[in-house]
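Colleague: Sequence:
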Amino acid sequence: MLLMNSKEERLKALALALERELMKNYGSPLLTGEKLSEAMGYRSIHSLRKHMSQKSFPVELFTIRGRKGRFALVKDIAVWLAKQRIENQYTPKDKPMD
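Mapped onto my numbering, the consecutive letters of the sequence shown carry residue numbers 30 to 127.
Think of the hints as simulated: they come from the structure by calculation, not from any bench. No experiment lies behind these values; they were computed from the predicted model shown. C-beta atoms are modelled at their ideal positions from N, C-alpha and C, and glycine is treated no differently. Hints may contain errors.
Restraint-style ranges between C-beta atoms, simulated for each label pair [said to hold, decoys possible]:
#	residue 1	residue 2	range
1	I74	A42	28 to 36 Å
2	N34	K84	34 to 42 Å
3	S35	R78	32 to 40 Å
25 Å max Cα-Cα, derived DSS-like pairs, lysine-lysine [to be verified]:
#	residue 1	residue 2
4	K41	K53
5	K112	K79
6	K84	K64
7	K122	K112
8	K112	K53
9	K41	K64
10	K79	K97
11	K112	K84
12	K104	K64
13	K53	K104
14	K36	K122
15	K36	K112
16	K64	K79
17	K64	K112
18	K53	K64
19	K41	K104
20	K104	K79
21	K112	K41
Model the full structure from these sequences, guided by the hints.
Modeller: The structure is reproduced here in structure tokens:
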């Protein structure tokens, strides 16, 4: 087993694993609507739509001629999720034992 020391190596490995899992769960390399909302962890489609209209939306969105809605690639979602996991790890504060 290879040791992954660098942050970039861990990010790539996690993104690849997440991409595989998303492909397995959704069966498509692109997502829109409810599936996109679910994959990105939004509580509702309404919350997703609100954030999609902002320039700071965390993944690149695109349209497809002849189809309604905006789409995101599973690959981009996987990279974003991996970055969130690696760069924003939660570590609880130590609490004194009584």
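Colleague: Failing hints, ascending?
Modeller: Checked against the structure, no hint fails, so every one of them is satisfied.
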